[in-house]
Amino acid sequence: MTEPLLKVENLRIELKLRDGVAPVIDDLSFELMPGESLSFVGESGCGKSMTALAIMGLLPEGIGRIASGKLIFDGEDLTTASEARLRQIRGNEISMIFQEPMTSLNPVITVGEQIAEVLRTHQGLSRKAAWDQAAELLDAVRIPNPRSRVSDYPFQMSGGQRQRVMIAIALACKPKILIADEPTTALDVTVQAQIFDLLRDLRAQTGTSIIMITHDMGAVAEMAERMIVMYAGRKAEIGPVDQIIDHARHPYTQGLISCVPHIMSDLTETREELTEVPGIVPSLREFGRDQCLFASRCKYRSGECLQHRPPAKGFGNGQISDCWHAEAL
Amino acid sequence: MPAARVTLIRIFYALALLLAVLVLNFSLMHLAPGDVADTISQSMGGADAEVLERIRIDYGLDQPFLVQLGRYIGNVLHFDLGYSFFYNQSVTSLILERLPATLLLVVSAQVLALVVGVVLGVVSARRPNGMLSHFVTFLALFGYSAPVFWTGILLLIAFSLKIPLFPVAGMQDITVTGGFFAHAWDILRHLVLPMITLASIFLALYSRLARATMMEVLGSDYVRTAKAKGLSQRDVVYKHALKNALSPVITLAGLQFSAVVSGAVLVETVFSWPGLGTLAFQSIIARDTPTILGILFFSALVVIVGNLLTDFALRLVDPRLGGRR
Ligand SMILES: Nc1ncnc2c1ncn2[C@@H]1O[C@H](COP(=O)(O)OP(=O)(O)OP(=O)(O)O)[C@@H](O)[C@H]1O
Ligand SMILES: [Mg+2]
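As given, the protein sequences belong to chains G and E, one line each in that order.
In case it helps, our numbering puts the first sequence at residues 1 to 329.
In case it helps, our numbering puts the second sequence at residues 1 to 325.
No lab work stands behind these hints: they were computed from the structure.
Quantities reported herein were computed from a predicted structural model and do not represent experimental measurements.
Be aware that a few hints might be false.
[What the hints assert, rightly or not] The calculated lysine-lysine pairs, modelled on DSBU-like cross-linking and capped at a C-alpha distance of 35 Å, are:
1. G:Lys313 - G:Lys7
2. G:Lys174 - E:Lys243
3. G:Lys70 - G:Lys174
4. G:Lys174 - G:Lys128
5. G:Lys313 - G:Lys299
6. G:Lys174 - E:Lys162
7. G:Lys16 - G:Lys313
8. G:Lys128 - G:Lys313
9. G:Lys70 - E:Lys162
10. G:Lys7 - G:Lys70
11. G:Lys128 - E:Lys239
12. E:Lys162 - G:Lys16
13. G:Lys7 - G:Lys299
14. G:Lys128 - G:Lys70
15. G:Lys7 - E:Lys243
16. G:Lys70 - G:Lys313
17. G:Lys128 - E:Lys162
[As the list claims (entries may be wrong)] According to the in silico footprint, chain E covers these stretches of chain G (three or more CB under 8 Å from chain E):
18. 97–108
19. 115–128
20. 180–191
[To be verified] Which chain G residues stay away from chain E? Per the calculated CB distances, all over 10 Å, these:
21. Glu222
22. Gly288
23. Ala328
Idealized CB from N, CA, C, for every residue including glycine.
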C-alpha cells in the first residue's frame with residue numbers, strides 16, 4: 001500500500017479566549033492519500049478552517065496554537081518544522097485557497113505580480129519567465145485574454161475571476177496538496193459550478209491531492225472520494241462519500257444529508273420535506289467536555305452519551321463513526 | 001476616468017480655491033481697522049488728515065470696495081502683490097526671499113515626520129505589545145499634547161545651551177566660509193532643531209495612524225494569502241502590507257499640510273528662522289497689509305500645491321483611484 005501523503009495524528013488545536021483556553025480541534029486524526037480528494041463538512045464554527053490553517057502553519061498568532069498531535073507530511077512532522085522550512089512548503093508543496101475571493105487578493109498589486117512572485121520565490125524564475133507563466137496560468141484557469149489581464153488589478157475582476165486567480169496562485173508551483181476552504185461560498189450558483197468544474201479538471205491534469213472544505217453536500221458528492229464530518233471541533237464520521245451518503249453512521253451526518261434535497265431525491269426518488277438539524281452548536285467553551293457534544297440535539301440520546309465522549313467505531317467499508325449508537329443506526 | 005482628466009479637474013479646483021482665498025483675504029483685511037495710509041504716515045513720523053487723504057487718493061483707497069478688489073486680483077495675476085512701505089520693498093520679492101527658508105523647514109519636517117512616523121508605526125505594529133509599541137503610544141500622546149513653542153524652547157535649552165550641539169537661532173552663520181557644501185552643512189545644522197520641533201506633532205499623529213492601519217492590514221485576508229504563498233517576512237510586511245497601509249497616512253499628511261504651515265509660523269518665531277512665519281509675525285505687528293495679504297496668499301498656495309501633490313502620491317500607491325493606465 002502506498003504511504004499517505006499527509007497523516008494527521010491526534011491533532012489538538014487550542015484557542016486562547018478571554019476566559020481561558022478552548023480546544024477548537026480535539027483529537028483529530030485522518031490520512032490523505034496521494035491524488036486523493038477529501039472533503040470536510042460541518043456547520044459554521046466547527047473548526048474546519050482552523051484545521052486547514054494548522055496544516056499551513058498559519059494559525060492566528062498569539063491566539064491559536066497546536067497543543068498536541070502531529071502533522072506528518074511526506075514523512076516530515078510539520079508541527080516541529082522551522083518557520084523557514086514551512087515557508088518553503090507553503091505555496092509550493094501545500095497551497096491554500098481561501099473562503100473570501102473579494103478580500104484574499106492584494107488590492108494594490110497586479111494579479112500577474114501576485115502569481116509571478118510565487119514562481120520567483122519557489123522556483124527561482126526570472127521576472128520575465130515568471131510573468132509569462134503567470135499569463136499561462138491565467139489561461140489555465142480559463143480567464144479570457146490572459147495576456148492583457150495579467151496587468152489588471154483585483155478590483156477590475158469579478159468575484160469568480162478573483163477566485164480563479166487564487167486558484168492560479170495556489171496551483172502555480174504544482175503543489176502536492178491543495179486545501180480549498182469553501183472556495184465557492186461567496187460566489188453565486190452558476191459561478192460555483194464553474195469553479196468546481198475547473199478544480200476537478202485541474203486535479204485530473206495535475207494529480208494534486210485536494211482537501212475540500214465546504215458546507216455543500218452536493219459539492220462533496222461531486223468532488224470527493226472520502227469525507228470527514230466535523231462537529232464542534234471533533235470528528236463525527238469519516239469514510240467513503242458514497243458509503244456515507246448511502247448509510248450514515250452518525251445522527252449528525254444523517255441530519256446534514258437530509259438537509260440537502262437533491263441528494264435525497266437521487267437516493268429515495270421522493271422529495272422529502274427539507275429538514276434541518278434542530279438546536280445549535282455548543283459554544284467554544286463547551287468543546288472540551290467528556291461527553292458527546294451532539295447529544296443535546298440528538299434524538300438517539302441515551303445516558304452514556306452525556307457521560308463519556310464516544311469512541312471511534314470502525315466498519316468494514318472504511319467508515320468510522322464517533323457515536324455510541326453507531327452500530328444501531 | 002482617465003488620469004489626465006482627473007488631473008485637469010483637480011488643477012481647476014485648485015485655481016478656483018486660490019481665487020476664493022484672494023477674495024476672502026482681501027475682504028478680511030479691508031474690514032480690519034487701519035490701512036496702508038496709516039502705515040505710510042507712521043513711517044513718515046505721523047501725518048495730518050489732509051496728507052492721509054491725499055495718500056488714500058494716490059493709492060486708490062478712496063475707490064469702492066469692488067474696484068479695489070478687482071484691481072488687487074488683477075495685480076496678483078501679474079505676480080504683483082503690492083509694495084510694502086514697512087520694508088520698502090515689493091511684497092513679491094520680499095516673499096520670494098523668505099519662501100525658500102519656509103519651504104525647506106516645512107518640507108523637511110513633513111518628510112521627517114512621515115518617514116520616522118511610518119517606520120515607528122510599522123515596527124511597533126509587528127509587536128503590538130513590545131517596548132517600542134508602548135514608546136510609540138507615549139510619543140503620540142506627548143507629541144500631540146505638548147505645544148510647539150514649548151517643545152522648541154525645551155530643545156533649545158537642551159541642545160543649544162546645555163549641550164551645545166546645534167546653533168541657537170537663524171539659518172546661516174555669516175562667519176562660515178567655503179564652498180557649497182560648507183554652506184549646506186551650516187544650514188543643515190541650523191535646520192535640525194526647528195525641523196524636529198515642527199515634525200514632533202505630526203510624527204506623533206502619523207506614527208499612531210501608521211501603527212493602527214498597519215495592525216489592521218497585517219490581520220487582513222490578503223496578508224494571510226501572502227503568508228500562505230510562502231513569501232519571506234520582508235515581502236509580507238513591506239511589499240504586501242505596507243503598500244496598503246500607506247494610503248491613510250498619506251491622506252492624513254495631506255490634510256495636515258496646512259497645520260504644518262501654520263505650525264511653521266510658531267517654530268520660525270522661536271528659532272528666529274528667516275522664513276514667511278517670522279515675516280508674518282513682524283508684518284502683523286506693523287500692520288503691513290500688503291505683506292500680510294501676500295503671505296496669506298502664498299501660504300494658501302503652498303497648502304494647495306501640497307494637497308495636489310498628496311493627491312498624486314495617493315494615486316501612485318492606490319491603483320483603484322485610477323492614477324495608472
Ligand atoms: N481569530 C480568532 N480568535 C478567536 N476565535 C476564533 C478566531 N478564529 C476563529 N475562532 C473561533 O474558532 C472556531 C472555529 O472556527 P473556524 O473558522 O475553524 O470555523 P469553520 O468551521 O471554518 O466555520 P465556517 O464554516 O464559518 O468557516 C469558531 O468558533 C470561531 O469563533
Ligand atoms: Mg471557515
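So, going through the hints one by one against the coordinates:
1. With a CA separation close to 19 Å, the supplied pair Lys313 of chain G and Lys7 of chain G stays within the 35 Å bound.
2. Annotation: proposed proximity of Lys174 of chain G to Lys243 of chain E holds, straight-line Cα distance about 29 Å (limit 35 Å).
3. Between the alpha carbons of Lys70 of chain G and Lys174 of chain G the distance comes to roughly 24 Å, so the proposed pair stays at or under 35 Å and holds.
4. Using a Cα cut-off of 35 Å, the hinted pair Lys174 of chain G and Lys128 of chain G holds, with the two alpha carbons roughly 19 Å apart.
5. As the CA atoms of Lys313 of chain G and Lys299 of chain G are separated by approximately 19 Å, the hinted pair is consistent with the 35 Å bound.
6. Among the hinted pairs, Lys174 of chain G with Lys162 of chain E is inconsistent with the structure: their alpha-carbon atoms are about 66 Å apart, more than 35 Å.
7. Under the criterion of a C-alpha separation no larger than 35 Å, the hint pairing Lys16 of chain G with Lys313 of chain G is consistent with the structure, at around 31 Å.
8. A hinted pair counts as satisfied when its Cα atoms are at most 35 Å apart, and Lys128 of chain G with Lys313 of chain G does not qualify at roughly 55 Å.
9. Distance check on the hinted pair: Lys70 of chain G and Lys162 of chain E sit about 63 Å apart at the alpha-carbon level, beyond 35 Å; violated.
10. A hinted pair counts as satisfied when its Cα atoms are at most 35 Å apart, and Lys7 of chain G with Lys70 of chain G qualifies at roughly 8 Å.
11. Of the supplied pair hints, the one linking Lys128 of chain G and Lys239 of chain E holds, its CA atoms being roughly 19 Å apart against a limit of 35 Å.
12. A hinted pair counts as satisfied when its Cα atoms are at most 35 Å apart, and Lys162 of chain E with Lys16 of chain G does not qualify at roughly 51 Å.
13. Of the supplied pair hints, the one linking Lys7 of chain G and Lys299 of chain G holds, its CA atoms being roughly 34 Å apart against a limit of 35 Å.
14. Between Lys128 of chain G and Lys70 of chain G the alpha-carbon distance is near 40 Å, which puts this suggested pair outside the 35 Å criterion.
15. At most 35 Å may separate the alpha-carbon atoms for a hinted pair to count; Lys7 of chain G and Lys243 of chain E exceed this at roughly 38 Å.
16. About 22 Å separates the Cα atoms of Lys70 of chain G and Lys313 of chain G, which keeps this hinted pair within 35 Å; it holds.
17. Proximity of Lys128 of chain G to Lys162 of chain E is assessed by CA-CA distance (about 59 Å); at most 35 Å being required, the pair is judged violated.
18. Residues of the region 97–108 of chain G with a Cβ under 8 Å from some Cβ of chain E number 8, which satisfies the need for three, so the listed coverage holds.
19. Interface restraint, the region 115–128 of chain G with chain E: holds (4 residues with C-beta to C-beta distance below 8 Å; minimum three).
20. For the region 180–191 of chain G, the stated coverage by chain E is violated: 0 residues have a C-beta nearer than 8 Å to a C-beta of that chain, whereas at least 3 were required.
21. At roughly 25 Å from the closest C-beta of chain E, the C-beta of Glu222 of chain G stays outside 10 Å, upholding its exclusion from the interface.
22. Distance to chain E confirms Gly288 of chain G as a non-interface residue, since its nearest Cβ pair spans about 27 Å, more than 10 Å.
23. Listed as outside the interface, Ala328 of chain G is consistent with that label: its C-beta sits roughly 43 Å from the nearest C-beta of chain E, beyond the 10 Å cut-off.
Hints 6, 8, 9, 12, 14, 15, 17, 20, counting from the list given before, are not met by this structure.
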